[in-house]
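With the hints as your guide, set chain B onto chain A.
Each chain is listed here by its residues.
Protein chains: 2
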Amino acid sequence: MAIPAVTEQLNGSKIDIARQVVTKARSGHLLLFRDIFAEEPAKAELVPFLEAEHSGQLTEETSRPPRLARVQYDKIGDDGSHAYTESVVDVTAQHEVLHRVVEKDVQPPLTFAEFKRFQDACIASPMWKEAIEQFELPDGFAVCIDPWPYGGPDPGETIPRYTQGLCFARDTRKGEHSNHYGYPLPIIPVMDTHSSKLVRIDKLATGGTEDALEYNTHPKNVLDHCTSAEYVPELLSIDLRKDLKPLNVVQPEGPSFKVTDESLIEWQKWRFRIGFNPREGATLHDIHYDGRSIMYRLSLSEMTVPYGDPRPPFHRKQAFDFGDGGAGRAANNLSLGCDCLGVIKYFDAVVADTEGKPSVSKNVVCLHEQDAGIGWKHTNFRNNRAVVTRSRELVVQFVVTLANYEYVFAYRFDQAAGLTVETRATGIVSVVHIDKNKTSPWGNVVSPGTLAQNHQHLFALRLDPAIDGHRNTIFKEETLPLPMSPSANPHGNGYRVVSEPITTSSFLDASPFTNLTIKLSNPHILNSISRKPISYQFTPSPSQLLLADPKSTQAARARFATHHVWITKYRDGELFAAGEFTNQSYSERGGVADAVARNDDVGDADVVVWNVFGLTHNPRVEDWPVMPVEKHELHIRPADFFERNPALDVPGQMNEASVSVDGDGGKKEDADCCNGEGGKVQESAETHWQGTRDVVPNRVVNGDRNGDGNGVNGH
Amino acid sequence: MAIPAVTEQLNGSKIDIARQVVTKARSGHLLLFRDIFAEEPAKAELVPFLEAEHSGQLTEETSRPPRLARVQYDKIGDDGSHAYTESVVDVTAQHEVLHRVVEKDVQPPLTFAEFKRFQDACIASPMWKEAIEQFELPDGFAVCIDPWPYGGPDPGETIPRYTQGLCFARDTRKGEHSNHYGYPLPIIPVMDTHSSKLVRIDKLATGGTEDALEYNTHPKNVLDHCTSAEYVPELLSIDLRKDLKPLNVVQPEGPSFKVTDESLIEWQKWRFRIGFNPREGATLHDIHYDGRSIMYRLSLSEMTVPYGDPRPPFHRKQAFDFGDGGAGRAANNLSLGCDCLGVIKYFDAVVADTEGKPSVSKNVVCLHEQDAGIGWKHTNFRNNRAVVTRSRELVVQFVVTLANYEYVFAYRFDQAAGLTVETRATGIVSVVHIDKNKTSPWGNVVSPGTLAQNHQHLFALRLDPAIDGHRNTIFKEETLPLPMSPSANPHGNGYRVVSEPITTSSFLDASPFTNLTIKLSNPHILNSISRKPISYQFTPSPSQLLLADPKSTQAARARFATHHVWITKYRDGELFAAGEFTNQSYSERGGVADAVARNDDVGDADVVVWNVFGLTHNPRVEDWPVMPVEKHELHIRPADFFERNPALDVPGQMNEASVSVDGDGGKKEDADCCNGEGGKVQESAETHWQGTRDVVPNRVVNGDRNGDGNGVNGH
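Going line by line, the protein sequences match chains A and B.
Residue numbering for the first sequence is 1 to 715, as defined by the UniProt record's numbering.
Residue numbering for the second sequence is 1 to 715, as defined by the UniProt record's numbering.
Treat the hints with care, since some could be wrong.
Calculated lysine-lysine pairs in the DSS-like style (CA-CA distance at most 25 Å, straight line) [unchecked claim]:
id	chain 1	residue 1	chain 2	residue 2
1	A	K203	A	K436
2	A	K245	B	K258
3	B	K269	B	K258
4	A	K129	A	K116
5	B	K357	B	K116
6	A	K258	B	K245
7	B	K269	A	K631
8	A	K104	A	K75
9	A	K476	B	K438
10	B	K269	A	K242
11	A	K245	B	K269
12	A	K203	A	K438
13	A	K220	A	K438
14	B	K197	B	K129
15	A	K269	B	K245
16	B	K220	B	K174
17	B	K116	B	K129
18	A	K631	B	K476
19	A	K476	A	K569
20	A	K197	A	K129
21	A	K197	A	K75
22	A	K116	A	K104
23	A	K269	B	K242
24	B	K476	A	K438
25	A	K269	B	K631
26	A	K24	A	K104
27	B	K631	A	K631
28	A	K116	A	K203
29	B	K104	B	K24
30	B	K220	B	K436
31	A	K242	B	K258
32	B	K129	B	K220
33	A	K203	A	K220
34	B	K116	B	K203
35	A	K258	B	K242
36	A	K357	A	K24
37	B	K631	A	K476
For the record, the hints were derived by calculation from the structure and aren't laboratory data.
Just chain A, same shape as in the assembly (with noise of 0.2 Å):
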């Protein structure tokens, strides 16, 4: 039985009683909304009602977790003071079920309103014209402002609520979509966030290799040796291919994939349920494979982005892509046949606004199946037997933009009952200004006057394992060699493989070379063909960690860059890597570190796994004006969790559609292929046989043929 979700969003009426339950509560204050959205159920008050759900004893009768609604807003003093603050509502009861006022001491992230109020500061300010001043820009060229998170603040620098802005000039002579960051401007002004008042404006380096960090001297027409770096088609100076013609996913019955009561999802024996937050974007719940609990919640956790300019203010160029903007709100809305191929589901966001009513952003999710190459295959090389299957994958996939740089995030389910998550980074790299014809140990010169500093992106996934159950072990398995003795390892050629429990909360860094592998065990249930306790696995991918020098403010602000895999105790609402507060922080608090040293016991409990990868991405002048995608791939997999190759039913059919062709292009006829042609590769196979050649051709696609094994059949 069907049941509305208690994880899915929440809709424009519920985002309507929670903000009328926190106006009436806070009457008399001017409130500025920053965000309304589901606030999901204790994992005490979810899991049982989750149990009923499973095991068909769901009623309408059943008790549920309430239906709450968390509600981020600022309280407005008389004095233009800001006071943070967030309320949980219930929205079936409609009431504020809890009401806190944070701290003073941590920033909220940032809101487009408080973007938007950037440039026109700037302009305002007797300090900006100054500062432009001295400039003399190009007949045409208007200056251009990228609102960005200030980043840490220095060791004892006390400040309130502040944005930075990284400069450029735009040619309007070319039109509004023409590419600004050719120019860049050396100079930030820093406002005072909350005033709209420029407190600031930060002079930068234009030096390369010879110069010191601080030389910042330039010309007046500094941008002269800057060229324009268009990407928009029109624009371009060069012409678009005209040679690709078009490949088309045809899915003439449908999607395999079932939506209901909106998050919902069933796909090849996988069932899970959807969310999407402001913070988060899309995440996963109670992921299910064949009726077995394999995780209670999956999630993109964090992500920061360090620059490695040490020249000064660059060290404060670090965004927290979720904690400082936000993935959800940052979340594009997708186009049909240009974000994915075939038969698309895509989900809409229903956000609030800064009076805290509901709109919806249109196909900010899309859902959709891909093909994926050879599932598996073998051949019986005594008859010539192949049997083939494909692999079909289902994809969650959400794209989002935060200022110049772009980020496409996948869940994929393939038929193996595998999980890859996959992010792709690409945009356009962040860049400041160079003197002409110098280069810089900080970056790449991608294009004149124009460099592209080396930085890092380091992500955090979050995994909440349920694997068939929440009392779960994590174990650590490394392969290692054997030295060479006549009793154990007589001839050298064997290896051990060891397997360690983790029992108490903490971290640990990835290790190729000893092959480590992080399993998510359930030691309650062994697979009762090996004895092992059934599992899923993932490999940590050796990624390059934070490179900032461990005194660092960038270094104190991501303690949890400084590890591959952390391992902690299950908390509700523990979500954040590098904790709940990360615009402006000057170090990381509550977040990966900090759990860890609770020193948990997480030995057959629930526990909650967290990956971080990276990428060092130092510039490549290929990776302008727009790059194209860098991919990370991370592999769940079962191990031992069942009995054989899931995929094993995957019924290997031929594609119909598929068509052969001679070099240049022109179609062979169909039975050039499986059947009549299928016929010659037969005899030609025969040939070989009683040549007896070692080819191995495939006499038969799939079950429904025969294949007659004479010729080499051994027995």
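Just chain B now, kept in the frame of chain A:
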């Protein structure tokens, strides 16, 4: 002007000529032919010819390298002795240009002729009858034997050419397609390959964790606790999935590639030639992008699969699938709509039999295009203008079967001038017998009585770069922390990139924590923008290297598998990482380790780079009976080779065939997407903007329509 390639395969008539020339030259001798295939020209002869071709100066008069055939055969003596011999024949001049009787202490690859003799040789042997009588097979079961290379002889063991056999039983009542691997027998017969006489039968250990290495007692009814392991659809006891709906790749205008004179492939600015030979399978030659040279030759060079079970004689389970068998010899004849989708061009192989007679093996390589998701994307947050392109790839794929196991090899070309070498491991894991209810430290019980032994797959890829010319330098580039210091790194966020040329032939290992990148550079040409040498680069996968003890025969035979990267000076014919002869080798001879030991000067030289990557495979129950593919990718990408993103000119056209559906798969109006609803998206976007929401809607899909940037256009 298209001209016959000189790297392409020989056709049937040229093979006939080669056979005839050799037969005449060896007249009076009985010859057993092993292979006849194209001998590639010396690089010094081919390069000027290719340069003439690329500069358009090629005429019929242009002197060209001779067209050569390599003929591999045994000269059978009156005493039945086999003298392995090789000839190189100029098939145009029709004379032998090289004749070499290969030293006696090496063994050429196994042939199927030898494989096929194995079963008969066993059955004819009293030794076998006696061994088999110790077993009481279930009714209807017949023994069948998988011939294997003998592996490495023990130190001091001098032996003729041997073959060993892994023994199983097949349930004949289920027909010839029943999977015998579920019923392993604990014996390994060893055959003198030439005399076809059984020399001994090794008795195998059948014990578990609690038993000594040599434990090998078992009941007479040894197979009674084993169960069937069927994978052929009509023999499955489980139902096939019925809920997978067709997904078709349709290319109404045909493919975007062009194939001329059988081996010249052109696609999206890529231009290269394809070769095929019995040992390496598909090889790529003279790879260009947009008229610029990138590689002279790219090939899979070798793979070894050592098993980690220390119990004798399992230390001799170590296959060299290219050198002992041959990827080309084992290539599957691919089936339309099964091994790839869309519009496919197949390539055949021309092969010779034991009499040297040519025949055609159909469809051993397929060429097709595939969609690889978003290629690059950027959304201008000021006006929501999104430009998104898809990534199209060209795939050259072949699949090999080596007894129980399969590999899928693919060379994937993309539109950003990147090249990915993809390997997929699938097929049936190698199993041996284990007593009832026992488990083992040497593998995983994947089916009752069936132990899948732990093993590794170690591959070697050979890259012969020609980065805008043949004088290249290899750089080792690492990204390293920079200590915090007032002058050099005041805030500790800075890091440095250190690059070092490799001037002497050498090896090095992957180093993910220093972000080690290998750059293939041409220091004679600087990128006009970054001022850095034009390069291609790859990051060696930090996969676990050979685990066998350095003193072991396994290690001696596979020195190539002890480092991730080998850098050697080019030599004609030096193509094989583990040396020319691997079958039954005592140690690696003439492989990469010996090439490096020459201490050649490889700076600004004709240099070759070998990349070793692998997979430590400790089997899961899910890998049984046929394992889901396990994938590895190596990405080879330009780094300052071009002056912008090479995919910038890829049109961002909307795919008109994609459709949007609601939850239950019902098709929605197409107008629900980029056009009609697009407008609504726009409105809802505006709603957000007025509401100052920080959602980023993509109003515009591509350059053909205009986005109006009112709302939050910052300037």
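Hints, one by one, checked against the model:
Our distance criterion of 25 Å between C-alpha atoms is met by A/K203 and A/K436, whose separation comes to about 18 Å. Between the alpha carbons of A/K245 and B/K258 the distance comes to roughly 12 Å, so the proposed pair stays at or under 25 Å and holds. Of the supplied pair hints, the one linking B/K269 and B/K258 holds, its CA atoms being roughly 11 Å apart against a limit of 25 Å. Using a Cα cut-off of 25 Å, the hinted pair A/K129 and A/K116 holds, with the two alpha carbons roughly 19 Å apart.
Pair hint B/K357 plus B/K116 holds up; C-alpha atoms about 19 Å apart against a cutoff of 25 Å. With a CA separation close to 12 Å, the supplied pair A/K258 and B/K245 stays within the 25 Å bound. Note on B/K269 and A/K631: the hinted pairing holds, with a Cα-Cα distance of about 23 Å set against a maximum of 25 Å. Proximity of A/K104 to A/K75 is assessed by CA-CA distance (about 12 Å); at most 25 Å being required, the pair is judged to hold.
With a CA separation close to 24 Å, the supplied pair A/K476 and B/K438 stays within the 25 Å bound. Distance hint between B/K269 and A/K242 is fulfilled; the C-alpha atoms sit about 11 Å from each other, no more than 25 Å. A C-alpha spacing of about 14 Å is found between A/K245 and B/K269, which places the hinted pair at or below 25 Å, so the restraint holds. Proximity of A/K203 to A/K438 is assessed by CA-CA distance (about 19 Å); at most 25 Å being required, the pair is judged to hold.
Restraint check for A/K220 and A/K438: satisfied, since their Cα atoms lie roughly 17 Å apart, inside the 25 Å limit. About 14 Å separates the Cα atoms of B/K197 and B/K129, which keeps this hinted pair within 25 Å; it holds. A C-alpha spacing of about 14 Å is found between A/K269 and B/K245, which places the hinted pair at or below 25 Å, so the restraint holds. Among the hinted pairs, B/K220 with B/K174 is consistent with the structure: their alpha-carbon atoms are about 23 Å apart, no more than 25 Å.
The suggested pairing of B/K116 with B/K129 holds, with an alpha-carbon distance near 19 Å, which does not exceed 25 Å. With a C-alpha separation of about 22 Å, the suggested pair A/K631 and B/K476 falls inside the 25 Å cut-off, and the hint holds. Proximity of A/K476 to A/K569 is assessed by CA-CA distance (about 17 Å); at most 25 Å being required, the pair is judged to hold. For the suggested pair A/K197 and A/K129, the alpha carbons sit about 14 Å apart, so the restraint of at most 25 Å is met.
With a CA separation close to 20 Å, the supplied pair A/K197 and A/K75 stays within the 25 Å bound. Using a Cα cut-off of 25 Å, the hinted pair A/K116 and A/K104 holds, with the two alpha carbons roughly 24 Å apart. Restraint check: the Cα-Cα separation between A/K269 and B/K242 comes to about 11 Å, which is no more than 25 Å; the hinted pair holds. With a C-alpha separation of about 24 Å, the suggested pairing of B/K476 with A/K438 holds against the 25 Å cut-off.
A hinted pair counts as satisfied when its Cα atoms are at most 25 Å apart, and A/K269 with B/K631 qualifies at roughly 23 Å. For a cut-off of 25 Å, the pair hint linking A/K24 to A/K104 stands: about 24 Å separates their Cα positions. The straight-line distance between the Cα atoms of B/K631 and A/K631 is roughly 15 Å, inside the 25 Å bound, and the hint therefore holds. Using a Cα cut-off of 25 Å, the hinted pair A/K116 and A/K203 holds, with the two alpha carbons roughly 22 Å apart.
A C-alpha spacing of about 24 Å is found between B/K104 and B/K24, which places the hinted pair at or below 25 Å, so the restraint holds. Distance hint between B/K220 and B/K436 is fulfilled; the C-alpha atoms sit about 13 Å from each other, no more than 25 Å. For the suggested pair A/K242 and B/K258, the alpha carbons sit about 14 Å apart, so the restraint of at most 25 Å is met. Between B/K129 and B/K220 the CA atoms are separated by roughly 15 Å; this keeps the pair inside 25 Å, and the hint holds.
A C-alpha spacing of about 14 Å is found between A/K203 and A/K220, which places the hinted pair at or below 25 Å, so the restraint holds. Between B/K116 and B/K203 the CA atoms are separated by roughly 22 Å; this keeps the pair inside 25 Å, and the hint holds. Using a Cα cut-off of 25 Å, the hinted pair A/K258 and B/K242 holds, with the two alpha carbons roughly 14 Å apart. Distance restraint check for A/K357 and A/K24: the Cα-Cα separation of roughly 15 Å lies within the 25 Å cut-off, and the hinted pair is therefore satisfied.
The straight-line distance between the Cα atoms of B/K631 and A/K476 is roughly 22 Å, inside the 25 Å bound, and the hint therefore holds.
Violated hints are absent here; each numbered hint is respected by the structure.
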